[in-house]
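Asker: Chain residues, written in single-letter form:
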Amino acid sequence: MEPDPVTRRATHVVHLTVNGEDRGGVAEARTSLADFLRRELGLTGTHLGCEQGVCGACTIIVDGAAVRSCLMLAAAASGAVVETVEGLADGGELSPLQRAFRRHHAVQCGFCTSGFLMSITAALRDGPVETEDQARDVLSGNICRCTGYAGMVKAVLEASAETS
Amino acid sequence: MKPAPFTYHAPASAGEALALLAEHGDEAKVLAGGQSLLPLLNFRLARPGHLIDINRLPGLDAVERTPGGWRIPALVRQRTAERSAGLAAAAPLLADALRQVAHPQIRNRGTVCGSLAHADSAAELPSAMVALDAAMTIAAASGPRQVSAAEFFQFHLTTAVEPEELLLAVEFGDPGPGTYTAFEEFAPRRGDFCLAGVAVTAAFAADGTVTRCRIVAAAVAPKPLRLTSAEELVLGTTLGAAACAAAQEAAASQVNPAGDIHASAAFRRKLTGVLVRRALVKVRARKEDGDGA
Amino acid sequence: MIGARIERREDHRLLTGQGKFLDDLDMPGVFEAAFLRSPHGHARILGIDVNAALDLPGVIGVFTGEDIRPMMKPLPAKVAHPDLQEIPRLPMALDAVHHAGEPVAVVVAISRYVAEDAVDLIDVDYEVLPAISSTAAALAPGAPLAHEGARDNIAVHVVQRAGDPDAAIASAPHVLSETFRVTRGGGHSMECRAVAARFDTATGQLVVWDSTQAPHYARNALANLYDMPEDDIRLIAPADVGGGFGPKAQFYGEEAVVPWVAMQLGQPVKWIEDRQENFVAAMMERTQVHRVQVAFDDDGMLLALKDVFEHDQGAYVAGLQVPMITLSTVPGQYKIPNIHTELYSCYTNMVPTSSVRGAGRPQAVVAMERMMDRIAEYLGTDPAEVRRRNLIQPDEFPYKTGLLFRDGSPQSYDSGDYPELLRGVLERAGYDAWRTRQEQVRAQGRLIGIGIACYVEGCGLGPYEGAKARLTNRGEVLVTLAAAPQGQGYETVYAQIASAAMGLDMRYIRVVTGDTGRIPFGQGTFASRITATAGPAVLQACRALRDRIFHTAAIMLKIEGENFIFRGDRVTVPHDESVAVTLQQVTQVANVGKHGITLLRGVQPGLETSSYFAPEQAAYASGTHAAVVEVDPETGRIEILKYVIGHDCGTVINPLLVDGQVLGGFAAGIGNAMYEEQFYDDAAQPLTTSYLDFSLPSSAEVPPVELFHVQSPSPLNPLGAKGAGEGGTIPAPAAIANAVEDALRPFGARINELPVTPSRVIDAIEGGGS
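Protein chains in written order, with this note's numbering: chain A, 1 to 164; chain B, 1 to 293; chain C, 1 to 770.
Treat the hints with care, as some may be off.
[Stated by the list, open to error] Computed cross-link-like contacts, DSBU-like style, restricted to lysine-lysine with a CA-CA straight-line distance of at most 30 Å:
{"no.": "1", "chain 1": "C", "residue 1": "K594", "chain 2": "C", "residue 2": "K558"}
{"no.": "2", "chain 1": "C", "residue 1": "K78", "chain 2": "C", "residue 2": "K558"}
{"no.": "3", "chain 1": "C", "residue 1": "K78", "chain 2": "C", "residue 2": "K20"}
{"no.": "4", "chain 1": "B", "residue 1": "K287", "chain 2": "B", "residue 2": "K223"}
{"no.": "5", "chain 1": "C", "residue 1": "K78", "chain 2": "A", "residue 2": "K154"}
{"no.": "6", "chain 1": "B", "residue 1": "K282", "chain 2": "B", "residue 2": "K223"}
{"no.": "7", "chain 1": "C", "residue 1": "K400", "chain 2": "C", "residue 2": "K335"}
{"no.": "8", "chain 1": "B", "residue 1": "K282", "chain 2": "C", "residue 2": "K78"}
{"no.": "9", "chain 1": "A", "residue 1": "K154", "chain 2": "C", "residue 2": "K642"}
[Said to hold, decoys possible] Covered, in the sense of this in silico footprint (three residues per stretch, anywhere, with C-beta under 8 Å from a C-beta of chain B), are these stretches of chain A:
{"no.": "10", "stretch": "71–82"}
{"no.": "11", "stretch": "154–161"}
[Stated by the list, open to error] If you want the footprint, here are the derived chain C segments under chain A, 3+ residues with CB under 8 Å:
{"no.": "12", "stretch": "107–118"}
{"no.": "13", "stretch": "344–354"}
{"no.": "14", "stretch": "653–660"}
{"no.": "15", "stretch": "701–708"}
Just so you know, the hints here were simulated from the structure itself, not pulled from any lab data. Note that the structure is predicted; figures quoted are calculated from it, not measured. The beta carbon of each residue, even a glycine, is placed where N, CA and C say it ideally should be.
Looking at chain A on its own, in the form it has when it is part of the complex (with noise of 0.2 Å):
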């Protein structure tokens, strides 16, 4: 690849299915997938809360797989199929998920709301959750300051037995 024009820095193509569709893009060999799918690719729905790997507002599915993608380049996961939350909803259909969320006040400012569905729906593709220590098990590795996380654990439990 040509290097940038005005950082005159290395850049890499970078090929990825995105919620069904190919997308491409031009991305510096530091660029974070997060920063990638946020800002090259126009899909904000995916957020940065740390940048260190823990908070988890970052996480989409890779390859099948919850991941940070605070904690992913870009330039690496060329050729990766990623999931976001912007795929989640069927049309302007929601997802049983997503309509728990709801209906349980899964949600107060929404900024962490995006990491929580895909660490989810990555969760209830491994089997079903049935129980509240395991909801709360799922929940764990994403933090949520709004919330409690009492909507959330109902919302897990009914999604999870609306679906399986």
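Use these hints to put chains B and C onto chain A, whose structure you have.
Answerer: Just chains B and C, lined up with the frame of chain A:
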């Protein structure tokens, strides 16, 4: 918090990776899962000029059965190892330890070898590998070499891997019949680095006495620490309450941890002893249930 | 409508990744800023060399304090005091820095990546000075000064007294004393702070987007700094702000610098605070050291309270609201005839402190409620009973404590039912059964403890909050709030209130928030005040709009003296719904009009109303928490077995959302109680600057809660509302500490420091104190 600039390489073979490492040496960092490296890059605490991404190296992403043991190559994700039924049956200690590493979102990406190469003194996998008497295969331009886990870990964040070398795999033998294990740790929150952790493997003779035992502590020394004084006290016993209690005391007096903002030295010392006892009690319970490897 | 459990309008966009947080907004051509921050707690700046940074490709501009001198004025303290030793807080450092993280220079570049590269290239010559890293260090005799040239390290010393506390203590049969320490935590909104700005040369207007809780407050600050008319600055809090919790209700140097450099460069600029910056620059709260004395009689009846406390104000006084709130929150729900509260607010060389969810109240509750347990222990009386005897009774309102509240008025509790809160909590917790079980398991070496904590929260503060209501060209009612939400669901709650006020279906009502270009005056979302202030404003504005719509409809329909109602979007009369006009028709007549054609006789054009509600004083919410814990005596791990919250925020507008506020606040309280702690070393270097070192509670740490409401409507506003945002937080640290100490009673261990971590528990067991 964005990384400082670096040049990105994605070699297609181990040979290519080694050539890049030979060329860039100290200036280069190896990227596998990136779950320890990327935070350091984001903080600009690490500023390598070159990043060598080994994720495109072939044949390193599956757990392998070897004659008499197991081999975990460099690109096996922690989650893959955790979900390997064969590995979990053969080495439940490793499965126990893996489940306590951070959260699934990190284990999905992080590799077993990456955690070992990072060698954080509070990480679970290094002490588990020392307890399993594992050996690391390190690729170098001159050919691969093997070092034991005990030699591999040298200090907090420091291993036997030289700048121009690459950790290729970790291997360990099948635990013999009558071997039981446990991994116990204390972390303030689910998924945190532990304040103290203990890995135990114990082999029992037909008469129920312990013939071999390794007790290895995490997070209380700059590298995994074998608690030899506790090991000696349980050898030859049936892991009765008295032996476990004696091991607790010996372990607590052997360790000399540092205090920090998360835990006082005295607390870490006490905790190490308590975890040793609890791990030994669990080993004995597993033996009684026939729940071993 | 009021009292209905209604799902939120905001959720669809947030659940589908279509939220509009500041960094999600599409701003073509925007450049990005990064700040160079002080690495030292206290230092003189001898020189700054920015040449290498300016030479880096992709850099648009670099500004130091010197470069922004034209707007360099001190940022005033939000709440001051006549005795305050005020030290200027500048938007960016000029010749000295007073905490690690203080902004020293700003780089604007084509990306945040390049901006950070350039920050690394700025060379600053510092002369490091001694730094103050605790209130104890600040107050030590001969201590170095946190600010060179200051009188001492005391920002303000304030005493409040009611009755004759000294005489009461001197003559009391029993007096107990203790020292409690509560440490720093933070707001930790998941979205950090963010500011973007663009100067529109065509209109001469500066447009600022700010992830703030207080858009009008920020707009006013900018107008003052830039010496611009308020109309020339439009400050917008985006529809989605990713949490606030207090720190975003303050005004910071970065908010002043970013729009200024955008104007200087003639280019749009945005700054997105990252988490590492948030740890060293966003305001924090909590560190206080309380030396408490309680005097009581043989029955445990309180005779006097004396609480002298040190407050860590940080490097600057951004406002005295927190310690001023503490001063009057200590007595809580109890009748205490003689009170002495005394504040030493200290300058230190750490991040300035200001309100964080709870805002000075959790510390006050720790001081009071921990002592209530000590009284019970001393007398051998049940701690619930000691509390019950001392509670203010429902027929004693308005109740004057004898102290002044932070709003400047004599503290007068407006309403409440404290005995019912306590009774309800004990019953739901199964208090008596747990006491029995506690005895049983103690014999087996197991440690169960029960903790209670009660509080009163002054909230719903003035001066005022405003709302406008307008019938739009589309025939919908647009409610415009000055206040901006950070997750509280204003688009839903205020549509509910408007709907109730008008008798109009919510679907014809839309709510917009947080834009100074839409409504000129407002205060902001803080101190759990909005429902009690903006709520009545919406109620009044919407009632007035309804009356004006009905008045117009009467003229259009040529009928008089009728009671009009809404049916869908039609204005009609109950007995004959065929007589009707639609809202669309009404707006066509009264608002849109026809050029040159005379209006129907009697129609008053311009269907727009506004209302500003100014409460006469704070409203007082209250609550009681009970925690049952089990402590592992070997590891210090605390397991919460049961947690009950009794909560009284007056009228509950939307129970779904109010429960969400309480439970969310509770999670923050658990963080304060057990996990969150901001550490500094002796040189005032922050030791916790990432979530690897600073622990926020996850779902695995926050236990299930049983929550119930007692509704004592406030007589101070027509909704009867009080604040709901902080009641989950305020007593949680005290309740947990009480429970843990109760569990450890066989060891005589003392829990005098929060958070209660496993390490502190073990150290307390082994040392008999913490």
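Asker: Let me make sure I understand: some of the numbered hints might not hold for this structure. Which ones are they, in numerical order?
Answerer: Of the numbered hints given earlier, those the structure breaks are 2, 5, 8, 11, 13, listed in rising order.
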